[in-house]
Each structure stands twice: as structure tokens, then as C-alpha cells.
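4 protein chains.
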Amino acid sequence: MNHDSNDTQAVKLKGEEVAQHNNRESCWVIVDGRAYDVTEFLPEHPGGPKIILKYAGKDATEEYAPIHPPDTLEKYLDKSKHLGEVDMNTVEKEEKEEDPDEAERQERIARMPILEQCYNLMDFEAVAKRVMKKTAWAYYSSGADDEITLRENHSAFHKIWFRPRILVNVEKIDLSTTMLGTKVSIPFYVTATALGKLGNPEGEVVLTRGARKHNVIQMIPTLASCSFDEICDEREGDQVQWLQLYVNKDRAITKRIIEHAEKRGCKGLFITVDAPQLGRREKDMRSKFSDVGSNVQNTGGDNVDRSQGAARAISSFIDPALCWEDIPWFLSVTKMPILLKGVQRVEDVIRAISAGVQGVVLSNHGGRQLDFARSGIEVLAEVMPELRRLGLENKIEIYIDGGIRRATDIIKALCLGATGVGIGRPFLYAMSAYGLPGVDRAMQLLKDEMEMNMRLIGASSIDQLDPSMIDTRGLSMHTTSVPSDTLGLDVYDPLVGPSGSFRPETRSKL
Amino acid sequence: MNHDSNDTQAVKLKGEEVAQHNNRESCWVIVDGRAYDVTEFLPEHPGGPKIILKYAGKDATEEYAPIHPPDTLEKYLDKSKHLGEVDMNTVEKEEKEEDPDEAERQERIARMPILEQCYNLMDFEAVAKRVMKKTAWAYYSSGADDEITLRENHSAFHKIWFRPRILVNVEKIDLSTTMLGTKVSIPFYVTATALGKLGNPEGEVVLTRGARKHNVIQMIPTLASCSFDEICDEREGDQVQWLQLYVNKDRAITKRIIEHAEKRGCKGLFITVDAPQLGRREKDMRSKFSDVGSNVQNTGGDNVDRSQGAARAISSFIDPALCWEDIPWFLSVTKMPILLKGVQRVEDVIRAISAGVQGVVLSNHGGRQLDFARSGIEVLAEVMPELRRLGLENKIEIYIDGGIRRATDIIKALCLGATGVGIGRPFLYAMSAYGLPGVDRAMQLLKDEMEMNMRLIGASSIDQLDPSMIDTRGLSMHTTSVPSDTLGLDVYDPLVGPSGSFRPETRSKL
Amino acid sequence: MNHDSNDTQAVKLKGEEVAQHNNRESCWVIVDGRAYDVTEFLPEHPGGPKIILKYAGKDATEEYAPIHPPDTLEKYLDKSKHLGEVDMNTVEKEEKEEDPDEAERQERIARMPILEQCYNLMDFEAVAKRVMKKTAWAYYSSGADDEITLRENHSAFHKIWFRPRILVNVEKIDLSTTMLGTKVSIPFYVTATALGKLGNPEGEVVLTRGARKHNVIQMIPTLASCSFDEICDEREGDQVQWLQLYVNKDRAITKRIIEHAEKRGCKGLFITVDAPQLGRREKDMRSKFSDVGSNVQNTGGDNVDRSQGAARAISSFIDPALCWEDIPWFLSVTKMPILLKGVQRVEDVIRAISAGVQGVVLSNHGGRQLDFARSGIEVLAEVMPELRRLGLENKIEIYIDGGIRRATDIIKALCLGATGVGIGRPFLYAMSAYGLPGVDRAMQLLKDEMEMNMRLIGASSIDQLDPSMIDTRGLSMHTTSVPSDTLGLDVYDPLVGPSGSFRPETRSKL
Amino acid sequence: MNHDSNDTQAVKLKGEEVAQHNNRESCWVIVDGRAYDVTEFLPEHPGGPKIILKYAGKDATEEYAPIHPPDTLEKYLDKSKHLGEVDMNTVEKEEKEEDPDEAERQERIARMPILEQCYNLMDFEAVAKRVMKKTAWAYYSSGADDEITLRENHSAFHKIWFRPRILVNVEKIDLSTTMLGTKVSIPFYVTATALGKLGNPEGEVVLTRGARKHNVIQMIPTLASCSFDEICDEREGDQVQWLQLYVNKDRAITKRIIEHAEKRGCKGLFITVDAPQLGRREKDMRSKFSDVGSNVQNTGGDNVDRSQGAARAISSFIDPALCWEDIPWFLSVTKMPILLKGVQRVEDVIRAISAGVQGVVLSNHGGRQLDFARSGIEVLAEVMPELRRLGLENKIEIYIDGGIRRATDIIKALCLGATGVGIGRPFLYAMSAYGLPGVDRAMQLLKDEMEMNMRLIGASSIDQLDPSMIDTRGLSMHTTSVPSDTLGLDVYDPLVGPSGSFRPETRSKL
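Residue numbers (the numbering used here), protein chains in the order written: chain A, 163 to 672; chain B, 163 to 672; chain C, 163 to 672; chain D, 163 to 672.
Just so you know, these hints were derived from the structure itself, not from any lab.
Heads up, a few of these hints could be off.
Said to hold, decoys possible - Using 20 Å as the maximum straight-line C-alpha spacing, the simulated DMTMM-like pairs for lysine to aspartate or glutamate come out as follows: (1) LYS497/D x ASP400/D; (2) LYS334/B x ASP610/B; (3) LYS220/C x GLU254/C; (4) LYS296/A x GLU254/C; (5) LYS334/D x ASP412/A; (6) LYS375/B x GLU364/B; (7) LYS295/A x ASP652/C; (8) LYS345/B x GLU559/B; (9) LYS445/A x ASP652/C; (10) LYS334/B x ASP412/C; (11) LYS295/B x ASP652/D; (12) LYS429/B x GLU559/B; (13) LYS425/A x ASP395/A; (14) LYS296/B x ASP655/D; (15) LYS445/D x ASP652/B; (16) LYS445/B x ASP652/D; (17) LYS334/B x GLU278/C; (18) LYS334/A x ASP412/B; (19) LYS445/D x GLU278/C; (20) LYS243/C x GLU256/C; (21) LYS334/B x ASP488/C; (22) LYS375/B x ASP412/B; (23) LYS212/D x GLU278/C; (24) LYS216/C x ASP488/C; (25) LYS334/C x GLU421/D; (26) LYS429/B x GLU396/B; (27) LYS445/B x ASP655/D; (28) LYS334/A x ASP488/B; (29) LYS216/D x GLU278/C; (30) LYS216/A x ASP199/A; (31) LYS296/D x GLU364/D; (32) LYS295/D x GLU424/B; (33) LYS334/A x ASP652/B.
All chains should be modelled from the sequences, with the hints used to inform the complete structure.
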């Protein structure tokens, strides 16, 4: 049998032949009915070699599909490694182990709340947490290090309070605004998040449909599960999409991506600048461990699996050398507005204006990169007064993302001066739990909350929101309490109300 | 049988006839022995159509009575829809399902603490929480969004501390003061709260009696369960009442209400300005869901029940267009002092003075409208120094409400410069748990606390309270802690005292 | 039988005769083998009539003794009501109910930790909490209202941090200092606390012995369980005592007490100025309720037991009219140094200096009077800089009490400028749990901590402590967090370390 | 048998003879097969006499070895007390009690996570906590008093947040820096910690090997379990070690130690200045109690075991009189750079510069000495701006230690201006749980985190870190919340999401 010529192959590979290539020295895997020789690719795999070796000689489709766009093998694996079709009837079906976690998950899915029981964005997350696969949940929900920034992102909004206006005519509320020239129905967009198929078999196109229905913009992620073109194809009418870009070391590839996006009608290019290296997310790592981990007590220091391997692999794709000097080149290769996504201090916003970009997203990558990076809303509160002082507030559009869960969060950002906000995980969770109807309801809930809260703060349109309507005095303090006085708390007898008397055993004494 | 002529009807309707109109196309309900055709009214019902449809063709009295004033159908349902009396013997008695929650509640009621076991206002709430119907409790206790303002309202008082005077003669304590010209025994009034019959079958008149006994003012709510006249009728002697007003789009109706109130002797008109749209209270919504929710797994995006329907329905009653320009008209139609209830920033207090009203209530509607609205006491601390700076502090009476639970809370407000404070939920809870005796004891406890704390702060009368007697340095900061360091806390072994030795299993080792 | 002449009585009263006077109309009680007619005294009893009526016609000794000095009846009940001796053999022994709480307490006493297991003052409290009678514990440990000041008193010390000096010769540490002219071994004194016999049958004399052993001053409380003379008699050698004074409305009584104290050698007179009315302590009230509470469901509004009764009764003893104008009189009737105990703001410290007193105690009465009164240490931090600014810092001795549990707390107060600190409850708890050895060890532990911490902060004697050695920037803020985001916290999955793997069920998967 | 002449002894001692000396009057113990008469040494033992008496007449090797360097008896016990070899066959083997704690610990060890499951430094601590002997864990993990400083040390880092730079070329990250002239691979060193053999039978030499592998400096502790020479001998190549020094009262001994260290090649002398007396650590004391504690209920006040005994014993070794005047002498006896370890305020840093030392370590001794001492990182934030103001920032090298657990912690210290940081406990825990491979992985994890976080903050080398990259506004506040409003919290019904519906019992109602 001649494996070299995979173009003209007539005879299908047999499962038992593939099965022999089940180790680091010769590693074949089957994906979608075709076999591939990934032996040489093992050390370069961004997810590490272990996860591939688990499927060495076997069918990896089920694990592979959700986390790789369909054209991945085509693009990244040399044609000579494409071994051709496999006769799937000859592939041994793997007896799946009884997985009690999975059984419990199916139980929970059977009893999940109906969509109408979700009243706010957190509710979708609460449901998703219980119905998603543990590894998928871990990937979506995890953050950097101690996940302190992850949580701070939403928590920071709690430090901003309202100073509502009264007796304003709020009969008609107009939530619409303009982002990079596009009129949208409400000032949020669906921001880029990776690996949508982990949550829903259809992936990011579900978000495309939701965004269309509610007339908001979708930002297409570089690391989508769907291919870029699939997501574009899903667009209808004058629907608008933006592109989120991880810059490749090979600028030719980057250029090709940008030009393709522009050709396909993308209306904005968001260059990610907060991820020269993809973050460590320990919750995610731990969840994978139980899948991939070795099953022997291996504590030998030298056999330690270095995360650097994966980091270096990713470095071959994302360019850690990307710097300000590259910006003119980007401006030269596209007419799309260019925005920097992941700016984190006012000095860099000012520099971005000088560099000639049209906007910035104040963001810490959803708390997934640098722990103790400040929240977008806090950076916004630092940026806007300084821009106003310098007369630069209209030179650029400022967006934030991270931690937005309530319409009040959006209103706070707009009062401070943001053009709009990006929302990511909440729509992923809505999609993971309920599919398109979930995304639809999530967006509608935001609109309902937004309309009501605009009324209550005393603004009938977006342009009426201003800094006098919020109190941000608590925002800048990152406090932690003095550690607790354990012994002191232990001796204190908390007060109890009369409810004690409800207890039958107590009652007898009264 | 002629249903058109309900005036001269002699023959009563039969239950089985009513029972046929049990759907959206033709929906009749029975209330207090009379049938009504509410088919056309369904989409306009402020509480949504579902709850009515639950009783389509049936007797709805038990559900209807506590939450609608007796004259509601008379006022709001066209006469042509009044179908006349029903022969109640022919109406099929509904077998009530065994409700384990209700059985447990009856258990708790049987064992409830005696009134003397309530030592403070929180105690009534603790009892009410356990003896009230779940939906009634949810309605009273719920707040907007994440209920952060709801809780902040009381919590804010904890940031204000005392600087008591010593060696002041406090033998005789005079708690009396004057509100809008009325001498009262203590500086609080019973503020307006809706749907009193949810807590007590007699409704708001119980509060009227309690207020009379303690010589405090009652503010009559627009959305009372009792009719306005019933509450007025309950007044005795020189007892004083005020009116809380939701302004109707139809100013003729509003004018009629105001004129009627003035005629019936109301001494103050409090126009609610913080509720152009009634707030979403998710706890309340969830509690109703289990009553009304559909019993199939309906996750279709297009069938989603929009809360907008209810919102719009309510908009037909409360005018979201109410604005400053309307104030002169109010001043022209009544001689009652006019106050704005729900003011939330100093700019609007100053504008209120210019507009010629006699007072404001700094309030966020008990945390039921805009989450992250600041507490009344915090706004007061912002307002008073600015008014004093402008020499306006005597131009207007300033009240606050929200979160008052202790006499010390009242004293803090008075030290800052409030004329008095409104108290709502605590009296509702006292009434719900113990009826009039509960309201009586709640008020007496406040008086006892007040007298003692006036002594302890070193003031023998209300006018001796001044800003030097409080320390408000902590008030303005809205802080949240840096999110917890989960792993760090997990590895810390808290200190334990010697109490461990009490454990028998430990003892053997010593 | 002639009860009128109790002087010459020869025949003893019979139990059954006493037993007939068992009601409000005629109420006799037996104490220490003698009967008393307390019918007329009932409404004046500071603790309310109920508790007496419980023992009407019976022997009340066991309940009475711990909470009344031996000479109380002699002093306060008119001789005509002393009915003479009772033949105790004829008094029916009361069958004690089985009290499961008491049985459990005895169990705990049998297993209590040995004294050597107490390593700090909190440890005694932890033990006392478990071995004391519930009502006694409630009396000692309770505070005003929500007990926020009670807890703040110790918590405030946590906001003060050290700036230690290094490379100071601390070989020899001298902890001694001088208070009102008396040399003491360490800068604390045993402050006045009421009802010592609740914790130990011998009462306050145990503290006298402990204070003698460690050469510290004891302040004798007005409301001691032992009589004043018993406590004085216990003094030895040049041991020094002070007197804490509640001022009686009848200044003749007050004068007699002062003169007697001076004659008996007291070296300081501390006039309590923070208790014109004794505070409500709900924990204490609740604990008594289960003893005294009525056993029927009485919710009638008019039968409510007013706490005012007790308050008025106490007013007949403590003078709420006491004021600055009284101070010259006090100065005129004694040569003892006079100090005001319970001063709470700098203005009053300055006034105290003008009034000519020798000192003040910055105190909030152990958190038992006005909730939200600030801690003594916080007031001290307000007072001292202002006194220094005015050049008054040496005109007066400043003490604080409240919440001191560690030698570091004492050092913080001294750094700020206090002459010394009063410690109350911790010694009560040590005495209640372990008697004199407990008090002894508690004082010794404080000395050990003090010596070590003086070394560590870099001071070899008390006078080397100064404000530069502490950081008080956090002290003045009374913050509370923004209320928690319940839904947000609920959806967050806290990080877990590898410890999960220890669980057997998890291990099987690895 | 002649015990006097232990030099020429031929006949071994018999176990039964040793066994007779089993009391305070005559106390012999066996260590490593040799007997010693420690009767006179008992009162001087730093750990107190009790622990020795437990082994009186017995073989103490197992308890003795981990906590004493091998040459201790040689050095500190007079030769006349060395009784010579024991015939170990004649020594009665002690039946070990069944220890359920120990059995459980062995269970946990059998199931411990594999090394690869440790993803950060806290993970090693979590494992060590479960696999170490309780007393060893207590010794390592305990801190002073309420352990508030212990926890604050790490917690303080949480108040510092990042202001990352974007678009910086971070392809190549250089973590190397120079400490006291030594080039190291990453800016941390292994700081001195006592009693390494409690965690690992080999003791501190394991850390020597780990430090060598990762090219970082090890600071040798005075109180090591290994002898100083053993640790030096373990050094290889150009590996660098420093010496931590407790100064002995006898300066001749101190001089000998310094000269020996210099001769053995130590490159830095760190004089501990924060421990004139070793701290009380109650957790440690309690853990020892269960070993050593008397087994009778001894509550006699006079028999109380004074901690002063141990304190005084230690004073004979560490000199509490050490002061600034001694510094010139140290400078005169060595050419090694001298640093002061344990400086805690800027005044003393400035004085250290004047005194001519080369550096300071801002440290509170890992929270083991003075509770409420501030964290090193906070002191650093106080020190550096003042040094810069005075132009002194380059006159001295500043290190900090305490609470460092993440690379972000290191970066924060470097941004503020530290030359490097010391890390102690984390490596002890890694060693205790996994030996050298644990130490290796711990260091590697720090390097991985460091490289990534340098990229994410936008710095490619250590010298690019500057104060503009952090936000320290929250650092200086030591806040505690107002004590909780127990009754208020009790009546609040927390919001719950739709997850309730997952519960089967609830589902039936929907």
C-alpha cells in the first residue's frame, strides 16, 4: 500500500494498520474518516503532545472537532502527512468508560430550567456551569493565576454608583448609537471569544444569528471553531462584523488574513495587544490533567512537563515581538479602521492616538492573561479625564470589555465616556445552555434592563449620559481587609433573632 | 340569558357557564361573587395576562383581593364587561393541591415567637419572613437587579459613627418635632408601601391605627390594597395623613385624585419622581414563576415572554414623561404642600427649591428601582453641606427613607440635617407577623431606643442634634474588597483556641 | 405571730406561711434564710418585677446572691419589710427541672482544658463561654443594639500597625509606669465591671488578689457583687484601688460613698459619664426571656412589657441630669483625683481640662451603651494630636478601655499617648473559667507578651514609645463593603489546589 | 564502671543503667547510640525542659535529629557530660502507641498528588500541609500572636495592581539580574529558614542543590538542621551562598562564625535585626502541647509554666542588646558585604546607609515575630520614594521577603525598586512534600510565571520595570470592615439563580 501518494489513493486504510502507529515514534490519528501522520508535529502542537498521543492510532474526531476550525489540517499539516481515507468499519470502536460525571451531567441536562427562568445574564452562566462538559466549562470560565482580575472585572462595576436625574421626560428611550460608523440598536457588541464549538456544535455562527436579530456587531475571533468564511457567510443584509486579530510572526500570513477580511466586508480590525503569550489558566490546566495526566506516580524532577513547550509552540503563531513600530504597516495594508484591543493605561491610549489608529479597547482579555491587570472600567476612569484635559476625547473611539453583566454596567461605561462595550462570555454561556434562543433572550434581557435603567437614571438617549451621573469615588482603591482575627471571631456569639423560637426543641422551654 | 344588561339582572350566572370562558379568546373570571369579561383587558393587565388566565372561568377572589383596591374593577373595567352576579353554589370548588410549603408555613405559624420576643425592628422581619406566604414575602422584600442598593440602604448607616456629648442634662427627653407644620411625637412617618393586604387581610388601615396611637403621620400609597377613602375614613381626631402620588398620564385623573385628597384632609402631597417605570425585581419574578410558569420545556426563542408587555401596560398608568415643566401645574391645582419623593442628587434638590416645592424625600424607592442608586442617608450627607454653603438649608424640608431599622439610624439622619425619616417595610413586617399589636410594639420599641440613645448621645431634644455629633468620614466610599485569594485561604490553617480540648475524642490524647 | 417587730423576733417563720404570699398583691421572698416583703418594691426593681415574681413565696437565694451585694436589702429595703428568719426546714425544696443545657454545661466543665492550654486572653473567653451559665455569659458578653461597637472596640486595634525600631538595646525591659502617682508594674489596670459573682462565687475579691500579685490597680465597681468594704478589706500592703462611681440623684448618698471611699484609701475617683441610662442589651434580654418569659401566646398590644419601667427604675438611682455644672461640687467633696470615665470626643477632653479634673477615660462602656460609639483607641487618635497642638498634652492623664486583648493593643495605646489602659472582661472570663489562677495566668501572659513586644518594637521602657512607631492611616475609616453580588458569587467556581487528589474517589481517575 | 573517663571507654553503657536516670534530678538521654547527662542543661534548653524529660532515660534520636545540627552536643554540652557509647541491644524498644493521626497521614501520603499536579507555589503548601507531621507543619507554618502579619504578608501584594505597557517587543525575556555582585538567573534568593530536617531528612542541603540547578543564591540559616559546613560542602562550582546571622552575646563566638563563613566563601552577611527575642507562635505551642503537656488537670496558679524560661534561655544565645553601635565592629571583622535583615521603617534604612552597610532586607521575619508589623512590600513602598527624594536610592541594595508566592509578587517588588526578593517557606514546603524534584519544579514554575508575566506587563528585562507600571493607591490602608450586622444579614434572603430548578424536588412543581 502506497501512503505517499494520498491524492490518487483508491484503497482505504485499514483500522488495524493505523492502530500500529500508536506512539511517539510513529503517531497517526484519524479525523473525519481520514488518517494523518502527526509524528513530526507532536512537539509543535499548541496544546502539547500528550493530548494527541492519547489518540495515537485511533479516531480523534470527537475530541478534535470542537476545538479546531475545519480547515486546520489542510492549512497547517504538510500535504505529505495526509494519509488518505480510512475504512471506518475496520476501526475498532472504543468502549467508553462509564463516566459518572458525564452521567450526572446528563441528569442535569434532563432537568435544566426552561429558558424563561433566566432573568439576567448570570442565570445563563449558572445553567451553563451545570450543563456544559467540565473541560469546556473550565476553558471558558478560567482566568489567569488566582483569577483575581477575572473576578475584579465585574466587581469593579460595584464600586460605581449612580447620581440619577429626576423629572426628565423618559417616555421614549432611544438606545441606538454609532460604532465606527455603524448604527447599532444598543451600545454593545459581541466580542471575540475562542472555541465556540466547545459550547455548541454549530459554534460562532449562532452568535452571528443572534447579533443579526438584535442589530449589534459581532467581532470574529481568530481562534474561532468555525472558519472565518463560515462566520462571514452567515452574515445577512447590512449586518456588520469586525475581525479580532492575533498577529502572526509571518506578516505575509497576517496580511493575507487582513486583506481577506476586508474583502469579505469586515468593518473594523481589532489587533490584540495584550497577548504576546497566551496566559496560564490553572483551572483549565487542572481540568485537562484528569484527562491527559499520567497514571503513575512520577515525581522525577527531570521528567517534569514544562509548560514552556506549549508556550514556545504558540509563539510560533502569535508574534511576541509585535510593537508600536509595526502600526504604520497595518495602516498601510488596509482601509478598515484599526483598533488596539487590550490597552491598559492612559499613556498608551495617547500613544495610540499619535499612532493614528481609530480606537482602543480597554481590556485585560477577560482576566485570562495578566492577573492583577486592572479592569477596563477602572482604566476608562483613568483615561477619560486625562483625554479631556488634553482635548483628545474626540480623537478616538474608546471601548471596554470585561465583566459586563448588567445594563447598569453598560450605562456606567457610557457615563464615563466609552463609545460602547464588548460582551463575550455571557453570550457564550447563553449559547452553550440554550443555543440561539438563549443568545436571543440574553440580548433581549439586556435591552429591557437598558431601557428601564435609562429611564431610572433620567436619560432618554445615549448622548445624555455624562460623568455627573455617576459617583466613582470608590473605584480606584484596591483594598483588602486586614486578615481576620480568628480567635476573636471564634469567641464572639453572633446575635440571633426570635427565629430561634420556631425550633420545636426550643419551644418547649417557652 | 341576557348578559348585556347587567344592571337589571335578576337571574344569576351559573358556574358552568362561566367555566366555558376559560381561554385567551374568551376569558371570564369571578371576583367577590360577580363575573367579569376580561378578554380584552388581558394584554393590558399590569401583572401580565398569564396570572389572569390561570383563573379563566374560575373564582379568582382569593388571589385578586389582596392586591387590588376594592374599587379597581369599578374604575378600570368598562361597565359592559361587568357580567353580574354568579350563583356561587354552582361554581365548582377547586380541590386545592397539597402544598408542602404551605403546610410548613402553617407549622411555623403555630410555633411563632410571642410578640414580647421581638426586641427590635429586624425581629419582626425575621418572623414575617417565616410566617408570610412566599409570594407576599417576595413582593415586600425584593429589590432591583442584584439588590445591592436594597441592602446598601441600611448598610450605609453603618458607616456613620457617633461623637457623643457627655455631661449634658438628659433627664427629660423630648422626641417631638414638626413636619410640614404638624407636631409629631417622634421624627418618623409611616411611608407609602403598596399592597398591604398581602401581609394582613385588613391592609393599610392597620397602619393608620398604629400611626394614630403613636401620633405619627401616615403617607397613603397610590397602590394601596385598601381604597384611598377607606384609609382616610380610618383617621381619627386631628390625625394627619399625606398622599403619595404616581402621576397618571391623564392629568384629569391626577387632578381628580389630588383634589379629592385635599378635600379629604391630606396635609401633604408627595409626588414620586423615581419611578417613571416600575422596577424589575427578580426575586419577585422568580417567586411568581413557580405559580404561573408554563409546565413544558419551552425554549423557543420567539415564544419568549417579553417583560416589555407589562412595562408598557404600566406606562399607560404612570407617566414616564413627567418632568420639571409639570411642577407649576401641580402647584396650581392644590394648596397642599408639595414634596418630591425620590430625589437623588444635590443638583436636583437645588432645582426643587427653585421650582417652589416645600420639600424633598431623598430616596431610592427602597432599593426597588435603580440598583446602585445611593442610599438616602448618603445623598443627605452630600446635600446638606452644599445647601448650607448656598444658604439654602432652611428653604426646604428634607426627608429621607430607606433602610432605617434603629433609632440610631434616625438620629444619624437628624444630625446631618433631615427633618424626619420615612419608615416603610419594618411596619409592614410587624403588621404581617402580628397585626396592629406588632405595629404598636414596633413603634414603641423605636421610641424606647430613641429616648435612650438621645440620652447617650447627649441631647435632650431634637434640635440639639448637629453634624458635630457624627463622624461620616467612611460614608462616601463604595468599596469592595479585592477578590479573595482562594488558594491562599485554602492553605491557611486558622488558629483554634483551647476549645478543641472540649471534644471528647481530643481529650483522650491529653 | 407578730411580723411587725422583726427586731425581737424569737419564733421563725414557717415556709408554708411565706408560700402564701406568692403573687403581685402580696409578694414575699426568702434570701439567706430570712423573709422579705417586696410587694411595694416590685415596680421599682431595676431588673423588673417578673424576675422577683418567679420566686414569690419561695427561696430566691440562689438567683439573688450572685447579682446583689450582701448589704443590698439592708440598704434599700425599708426595715419594716424585713420579716425575719425562716425555719428553712419547713420550706419546700423545689424539685429542679431536668435542664439539658445545664447537663451539657456540666459535661463541658468536666472536660475543660487545663489552664496551661490558655495562651492568650481570648482563650479564657473561649473557655468561659462554654463553662459559664448561659445567663451569666449573656450578661458579661452582651453589648448595645447590634453589638457593632462591642466588636469594633477590639477590631479598631487591627487598623493600627507598627513601625518598629531596630538595633535598639532591649536587653532589659522595664514595663513599669506611674498612674495617678502610683507606680505599677505594667500600664494596665483592672477596670470596673459589674456582678462578679455571676462568674465566680467569691466575686470581685478574686480580682483584688490577682491585681495585688501583679502590682496593678483595681478599679472597684459601684455595681459589684461584693460590697465595697469587702473589696477594700481584701487589699494588702500598699496595694492601690480606685472607685468607679455611678452618681446617685441623691447627692447626699453620693457624697457618703465618696467620703467613705476616700477614708478607705481609694486613690482615684472615676465618675462614669457615659451611662445616664443603662443600655439595652438584647442578647442579655433574650437570655433572660427564656427564664422569665410568659408561657402563653400573648400578642396583645396593650399588654406589651415596656422596658421603660426598668429604665425609670434605674433613673431613680443613676442621675441622668448629671452635667458639667456638677463637677465643681465633686472637686469640693474629695481630695481624690477625679477622672471622667466615658469621654468620647476631643471637645469634651478639652472641657474636662478646663473643669479641673485630673484625667479622662476614653471609653464607650465596653460597647454596652451607645452602639456606633467609636472605640476608645480611635478617640485617642483624635484627641492626642489636638491636645499637642494646643500644648495641653501634659495637663491631664488619658486612659482608654475597651477591646484590649493583646499586649500589642496596649502598646498601640501607649504609642498614641495614653497613660494606661483598663481591662475588664478578659479578667472576668479568666476568673469565671479558672478562678484566681486564671486571673494570675492572664496577667502573666500579658506581661510576657508585653516584654517580648517591647523588644520587638524596639523600646526598653514605656517612655520610649511614641507616635512614630505606629501607622494609623487606616484607623479613621468606618467602611463596609458594597453588599455582595450573590448571583455573581454563585456562578464563580473557586479555584481548588491539588488537594482534591487526596480524595480516594478522585484518585481512581488519575 | 567509670563514666568520668569517656575518652578511653571500652565497655558500652547498658540500656537499663541509662533508664534509671529518668527524672529531673538525674536525666540521661541517648542520641545516635551515645548517652549524655543533660541534668544541668535542662533549665537552659531553648525548647524547655519538658520535651527532654519526656525522653529521660531513653533513646531520643528520632525526636532530636531533625531539629539539631549534628555538631550541637559537641559544641554546647560540656565534654564531662558525654557518657559514651550505649549497647543499643540492651535498650528497651519503646512500643509506639497507635497514633490515629499518624495513620491518617500515612494514608494521605499514599494518595498524594503527583508532582505534575502542582501548578503554583501554593499547591506545594497544600500538599505539605497534608503530608507533613503535624508538629513540623505547625513549626513551619505558624506566626506571631493572631498571625495577622503572617497573612498580611501575602495579602499586601493583592493591593498592588498593574499598569502594563503594550506593544513592546517581548520576544526575548531576560530574567537575570545582579545581587551583591553575583549574576543570578532570576531576582529571588532562597532565604534562611530554620530546621529543614523537620520537612526532609536531608535538610537544607536539598535547597542548596535546588538553588544550584536554577542559579539562584541560598542564604544559610544560623538555625539550620544541617551544620554550616555540610551546607557549604554541598555547594558546587561558582555557586553563591550568603549567611544569615543571629548575633551571639559572646562576640568571640560571633566573630568565629563570621570569619569561618568568609573563609568558606560566603558572599554576604545578613544580620538579623528583628529578633532580639524569638517570637511566641501559639499554633506551634499548641501543637507541642499535645506531645508534651501534662496529663493531669493542673490549674494551680503557681505551677504555671512560664514562657519566660525559654525566652531567657534563648537570650543567652541571641543578643537582645545588639544595637547600632555594634555595626562598626561587624564592618571591621569581615570583608563580606553586610546587610541588615528585618528593617521595618524608612528612618532605619537611612540610618543603615549612614552606618555603611551594603543593604537591607525589609522583612518582618515571615510574620513570626511582631504581629502587626507591616509587610515588606508595604515598607518598600514607603522607603523608595523617600530614598529617591534624598537621592539615596543607589546607595544601598534593598531586598524584601515575606509572602511571595507568585511571579507577579516579585515583579511588583521590582517595579517599586527592590533589587530582589527572598523566598523561604514555599521552597520548604516543596521540599517537604516532594524533595529536590519539588524544589526544582517550584523554581521552574516561578521562572515560567515570571517570563510570561514580564511579557504581559511589557518588559523584556528586569531593568525595564519601573514604578509607573504599578498602581499602589490601595496599599497603605489597613482597613477592617465595620463589624457585621448579624440580625440584618440574618433576615436577608440571598438571591438564587435558576439553578434551584435542577433540584428534583423543585422540578415537580414547575
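Each hint, compared with the structure:
| no. | hint | verdict |
| --- | --- | --- |
| 1 | LYS497/D x ASP400/D | holds, 19 Å |
| 2 | LYS334/B x ASP610/B | holds, 13 Å |
| 3 | LYS220/C x GLU254/C | holds, 8 Å |
| 4 | LYS296/A x GLU254/C | violated, 72 Å |
| 5 | LYS334/D x ASP412/A | holds, 17 Å |
| 6 | LYS375/B x GLU364/B | holds, 17 Å |
| 7 | LYS295/A x ASP652/C | holds, 19 Å |
| 8 | LYS345/B x GLU559/B | holds, 14 Å |
| 9 | LYS445/A x ASP652/C | holds, 17 Å |
| 10 | LYS334/B x ASP412/C | holds, 17 Å |
| 11 | LYS295/B x ASP652/D | holds, 18 Å |
| 12 | LYS429/B x GLU559/B | holds, 14 Å |
| 13 | LYS425/A x ASP395/A | holds, 13 Å |
| 14 | LYS296/B x ASP655/D | holds, 12 Å |
| 15 | LYS445/D x ASP652/B | holds, 17 Å |
| 16 | LYS445/B x ASP652/D | holds, 17 Å |
| 17 | LYS334/B x GLU278/C | violated, 52 Å |
| 18 | LYS334/A x ASP412/B | holds, 17 Å |
| 19 | LYS445/D x GLU278/C | holds, 14 Å |
| 20 | LYS243/C x GLU256/C | violated, 25 Å |
| 21 | LYS334/B x ASP488/C | holds, 17 Å |
| 22 | LYS375/B x ASP412/B | violated, 37 Å |
| 23 | LYS212/D x GLU278/C | holds, 13 Å |
| 24 | LYS216/C x ASP488/C | violated, 40 Å |
| 25 | LYS334/C x GLU421/D | violated, 29 Å |
| 26 | LYS429/B x GLU396/B | holds, 16 Å |
| 27 | LYS445/B x ASP655/D | holds, 9 Å |
| 28 | LYS334/A x ASP488/B | holds, 17 Å |
| 29 | LYS216/D x GLU278/C | holds, 17 Å |
| 30 | LYS216/A x ASP199/A | holds, 14 Å |
| 31 | LYS296/D x GLU364/D | holds, 19 Å |
| 32 | LYS295/D x GLU424/B | violated, 81 Å |
| 33 | LYS334/A x ASP652/B | violated, 51 Å |
The earlier numbered hints that this structure contradicts are 4, 17, 20, 22, 24, 25, 32 and 33.
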